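If you're matching them up, the sequences are chains A and B in order.
When we follow this note's numbering, the leftmost residue of the first sequence carries the number 5, and every step to the right adds one.
When we follow this note's numbering, the leftmost residue of the second sequence carries the number 5, and every step to the right adds one.
A couple of the hints might just be wrong.
Same chains, same names: a pair is fine if it fits in one copy or spans any two.
Computed list of lysine-lysine pairs in DSSO-like fashion (alpha-carbon distance at most 30 angstroms, straight line) [unchecked claim]:
1) K36 - K102
2) K24 - K102
3) K209 - K83
4) K33 - K276
5) K276 - K209
6) K75 - K276
7) K13 - K24
8) K247 - K75
Since the hints were made in silico from the structure, they are not lab data.
Quick caveat: nothing in here was measured; it's all calculated off a predicted structure.
There are 2 protein chains.
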Amino acid sequence: MSNLPREPKIITSLTNDRVKAIRALEMRKVRKETGLFVAEGASLLITARDNGFVPRTLVYQTGTVDSGINKGLVTWALKEGAEVLEVSAQVLGKLASKDNPQTMLGVFRQSFADGPTGALHEDQTWLALEEVRDPGNLGTIIRTCDAVGVAGIILIGNCCDPYSLESIRATMGSIFCVPLIRMSLDAFMARVAGWLGDVIATDLKATEDFRAARYRGPQLVIMGSEGPGLSERLSQAATRRVKIPMAGRLDSLNLAIATALTLYQIRGPHLKL
Amino acid sequence: MSNLPREPKIITSLTNDRVKAIRALEMRKVRKETGLFVAEGASLLITARDNGFVPRTLVYQTGTVDSGINKGLVTWALKEGAEVLEVSAQVLGKLASKDNPQTMLGVFRQSFADGPTGALHEDQTWLALEEVRDPGNLGTIIRTCDAVGVAGIILIGNCCDPYSLESIRATMGSIFCVPLIRMSLDAFMARVAGWLGDVIATDLKATEDFRAARYRGPQLVIMGSEGPGLSERLSQAATRRVKIPMAGRLDSLNLAIATALTLYQIRGPHLKL
Chain A
5 MSNLPREPKI ITSLTNDRVK AIRALEMRKV RKETGLFVAE GASLLITARD NGFVPRTLVY
65 QTGTVDSGIN KGLVTWALKE GAEVLEVSAQ VLGKLASKDN PQTMLGVFRQ SFADGPTGAL
125 HEDQTWLALE EVRDPGNLGT IIRTCDAVGV AGIILIGNCC DPYSLESIRA TMGSIFCVPL
185 IRMSLDAFMA RVAGWLGDVI ATDLKATEDF RAARYRGPQL VIMGSEGPGL SERLSQAATR
245 RVKIPMAGRL DSLNLAIATA LTLYQIRGPH LKL
Chain B
5 MSNLPREPKI ITSLTNDRVK AIRALEMRKV RKETGLFVAE GASLLITARD NGFVPRTLVY
65 QTGTVDSGIN KGLVTWALKE GAEVLEVSAQ VLGKLASKDN PQTMLGVFRQ SFADGPTGAL
125 HEDQTWLALE EVRDPGNLGT IIRTCDAVGV AGIILIGNCC DPYSLESIRA TMGSIFCVPL
185 IRMSLDAFMA RVAGWLGDVI ATDLKATEDF RAARYRGPQL VIMGSEGPGL SERLSQAATR
245 RVKIPMAGRL DSLNLAIATA LTLYQIRGPH LKL
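Pulled out of the complex, with its shape left as it was, chain A reads as follows (with noise of 0.2 angstroms):
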């Protein structure tokens, strides 16, 4: 890494390789093969930074860099050492998604944590996700998670991919604030045997409203799928089940708002404002 800002590099071809790269990133099959992932607009780009994450990547539309906070982006990157390109409208409007335009991305390297491991605070509230399937619950997810200070998030079997652009887009930036750890059931169950605080799942079935029960720290929050929810063998690895009230015919939530409810009910003693 030099101390020298590099020079932009200017691309306006669509064909370009650096242009067809970034692109491919859309693939989750291409994301996990190089392991990187795009962040799309300024607003991801300072939480990153300021969360001491350094794009390998950051690319701007041609003009919308001569002041401001888009300027001060470039000039981090440069001096970073990162790869900088500046594209014409066209070329960023085939790197970009369509729906939700920006004028700057960048391209970042994933990344998962271990953990949890060694004796855990019992401040500590960590979640566990189950295959979970919708992109935008888990970024919605990771986004809550932020909010009420969850220690880490653990992804259980196949879940769906976190660096994916709708689940990055939901996060608003929380995915360079949380650390995700990934595992199989095998080894979570490993780690839950010997969990000292409760292992809380919701559950229809249970007779506790989640609003009355006090929580033993560090707490495990367990969380299943959108339609089948927790499987049995994680199931039973729950010591506290508890229940969400509902109203009228409804036995279920959606995924991200049932996990918000119970992820603030815990974590509230730790919330001021």
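With the hints as your guide, set chain B onto chain A.
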């Protein structure tokens, strides 16, 4: 309406006028012109039936209604005088969404209610949404309102279409259970002026924790658009401003999450296991 069940009509052509007309309901313009919408899947059709809604048209894939729930739905639709179309898998593939294939769908008349009018019971909670943009958020909010027993949802100004496929799917059937009301901002402001209970807004600058507040009924919760939040004019209409506490750097939650937390807090006393 005859008491004699009619026979399903069989369609195999992709260019059939009925097929094209149903497919056109993907477009907001056509939904607006016709006042119709599409609900996909047996689960939504059952909820419609249980709430007294009859489809104008029921479409099912050949060979999928020989027994069970699907057969019962076809018998019901024929008895109620609905147009019933049996279509090939290829035709259904054109009509149904790609990412969540179903073998049955219904075309229903959109329903918008009046109100809130007259003397409201103090146990009631109403929700007003100003220019909500994301149909997934709107559908999820409708589902949550059903879960907490909200009296009705007022859509102020230019909201996204609650009858779009994405919204309908996110409601999981609650579209048939929660009254929707459309109002201009002016009409809403006139209605709010005489509101007897609390008019509640979440506000970053509020000094009262949303969990500590007591809410006088009938409550009216007002929530703003995904990015900008409440307009100044609507914000001024609130009689109670509360804040949802957040950890870390965050200053906002997903709209559907913030709405759910607020509604569960307010409706809490009415919700029992």
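What hint numbers does the structure not satisfy?
-> When the structure is compared with the hints, numbers 3, 4, 6, 8 turn out to be violated.
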